[in-house]
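Asker: Here is what each chain is made of, one letter per residue.
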Amino acid sequence: MSLIIKTISRMLIPFIFVYAIWLILTGHTSPGGAFAGGVTASLAVALAYASFGISSTKERFSYSIAHMGRILGLLGFIVMGVIAMLLGKSFLGNFLPKFGGHFTMAGVIIVLSLCIGILVGCEFSLLLYYLFGGGGKE
Amino acid sequence: MNLPYLASLALFSIGLYCILAKKDLFKVIYGICLMEFSVNLFLISLGFVHGGEVPIRPAGAVVVDPLPQAMILTAIVIEFATTVLLISVAIRLFKQYDDTDMSKIRRLRG
Amino acid sequence: MELLIGFVFILIIASAIAVVVLKDLLAAALALGACGFLIGIVFFLMMAPDLAIVQFVIETLTLFVLVIALARTHRRSTGDEPVKIKAVLGIVVICIFLLFLSFVVPLMTEFGSPALEVSRHYIHAGIEETGSENLITSILLDYRAYDTLGEIIVLFVSVLAVSLILKKESKGSR
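Protein chains in written order, with the working numbering: chain V, 18 to 155; chain C, 197 to 306; chain A, 38 to 211.
Please keep in mind that the hints were generated in silico from the structure rather than gathered at the bench.
This structure is a prediction, so every number in the text was calculated from the model and none was measured.
Any given hint might turn out to be false.
With a straight-line Cα cutoff of 27 Å, these simulated DSSO-like cross-link-like pairs (lysine-lysine) come out [claimed, not checked]:
no.	chain 1	residue 1	chain 2	residue 2
1	C	Lys219	A	Lys123
2	A	Lys205	C	Lys291
3	A	Lys204	C	Lys291
4	V	Lys75	A	Lys205
5	A	Lys60	C	Lys291
6	C	Lys219	A	Lys60
7	C	Lys300	A	Lys60
8	A	Lys123	C	Lys300
9	C	Lys300	A	Lys204
10	C	Lys291	V	Lys75
11	V	Lys75	A	Lys60
12	C	Lys300	C	Lys219
13	C	Lys300	A	Lys205
14	V	Lys75	V	Lys23
15	C	Lys300	A	Lys121
16	A	Lys204	A	Lys121
17	C	Lys219	C	Lys291
18	C	Lys219	A	Lys121
19	A	Lys123	A	Lys60
Computed footprint of chain A on chain C; a stretch qualifies when at least three of its residues, placed anywhere within it, have a C-beta under 8 Å from a C-beta of chain A [to be verified]:
no.	region
20	201-215
21	275-289
A virtual CB, placed ideally from N, CA and C, is assigned to each residue, including glycine.
Produce the complete structure using the sequences and hints provided.
Answerer: And the structure:
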């Protein structure tokens, strides 16, 4: 890829990641939410793959990090559900405080948003690796 | 006049014709994508309210129905996973038979 | 507003016809991308900004995957003339399908005034019960969180299937 594309992607990728994290964290007060943030994070990885090739992308964001992100996201989701069941409410009920001081805290929704955001981002990046990842180490 | 319903129906028929009448694997994948687009359009047209507002911190009483929108959000993400699975099958078939034409793939068996 | 939505629908159907008619696979992929972006605009005009963000990003990712897949399979253009009997059969099937649907379409509710039976409770009591101002996030992660769990499992299974289909073959098993 040419020098212009590499320079511009190097500048853009951190901004796309920050936008993705903002979408996840303020999903309960603005348009956005968990899925929008997750797919935007995987879009940043796709931009890195298109500009720099698969081996450089696998060095920074390796298979093990992606697998760990997936598994921790799913485990966090299920653990929150089981804790809600142990506390007497239904599975995946809302048991954290909802309104605190100046801002809305939305209970268990923020934790679930974080889990799903990390999960979906790692998931779609892993899809790209499995589809087109010929080179680099496994 | 139920124009959005008819438009999504027309889109569905175009996708269905693309699956039935074309013999290249990737054209079949495009047809499946068009059918999924038409279903999303239909679902969101079901929930639209004239003069309604966005269901985020609603100020008034007339709000667009939020339940179909949540269902479509799930459907869009699953549709991407399905499309990627179909493309991976097409790439595998190409590696085996060196062609993506469905009539030729049938003839090269054995 | 309704006029604008109608105009965008006409553009969507035009790009869908372009997907079917174009012989070059890469050009048809670009027409599919245009269709998807126009659908994102329709989502935005129908007061659903969450959906518009997700549709735009996923359409970009789909185009990305499609173009690289087309480059890997060395098929930029195809002699894709439709087999005559299959085209005729396709049109016959679609006519039968539309005939059966024409009994149902006049019975549907008017566009713009849905029944809103379940969503009435979500709109009135959603913000106090869940604490989140975004009603769609509260539906996805509090009222219907079990469906979100099902969706995550579908994503897991699809990644597993892709990894099995495109596994590199080891030296001995060819």
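Asker: Run every hint past the structure and note whether it holds.
Answerer: Hints and how they fare:
{"no.": "1", "hint": "C/Lys219 to A/Lys123", "result": "9 Å, holds"}
{"no.": "2", "hint": "A/Lys205 to C/Lys291", "result": "12 Å, holds"}
{"no.": "3", "hint": "A/Lys204 to C/Lys291", "result": "12 Å, holds"}
{"no.": "4", "hint": "V/Lys75 to A/Lys205", "result": "17 Å, holds"}
{"no.": "5", "hint": "A/Lys60 to C/Lys291", "result": "22 Å, holds"}
{"no.": "6", "hint": "C/Lys219 to A/Lys60", "result": "12 Å, holds"}
{"no.": "7", "hint": "C/Lys300 to A/Lys60", "result": "18 Å, holds"}
{"no.": "8", "hint": "A/Lys123 to C/Lys300", "result": "16 Å, holds"}
{"no.": "9", "hint": "C/Lys300 to A/Lys204", "result": "25 Å, holds"}
{"no.": "10", "hint": "C/Lys291 to V/Lys75", "result": "24 Å, holds"}
{"no.": "11", "hint": "V/Lys75 to A/Lys60", "result": "36 Å, violated"}
{"no.": "12", "hint": "C/Lys300 to C/Lys219", "result": "9 Å, holds"}
{"no.": "13", "hint": "C/Lys300 to A/Lys205", "result": "25 Å, holds"}
{"no.": "14", "hint": "V/Lys75 to V/Lys23", "result": "17 Å, holds"}
{"no.": "15", "hint": "C/Lys300 to A/Lys121", "result": "17 Å, holds"}
{"no.": "16", "hint": "A/Lys204 to A/Lys121", "result": "38 Å, violated"}
{"no.": "17", "hint": "C/Lys219 to C/Lys291", "result": "18 Å, holds"}
{"no.": "18", "hint": "C/Lys219 to A/Lys121", "result": "11 Å, holds"}
{"no.": "19", "hint": "A/Lys123 to A/Lys60", "result": "17 Å, holds"}
{"no.": "20", "hint": "201-215", "result": "holds (count 12)"}
{"no.": "21", "hint": "275-289", "result": "holds (count 13)"}
Hint check: violations occur at hints 11 and 16; the rest are consistent with the structure.
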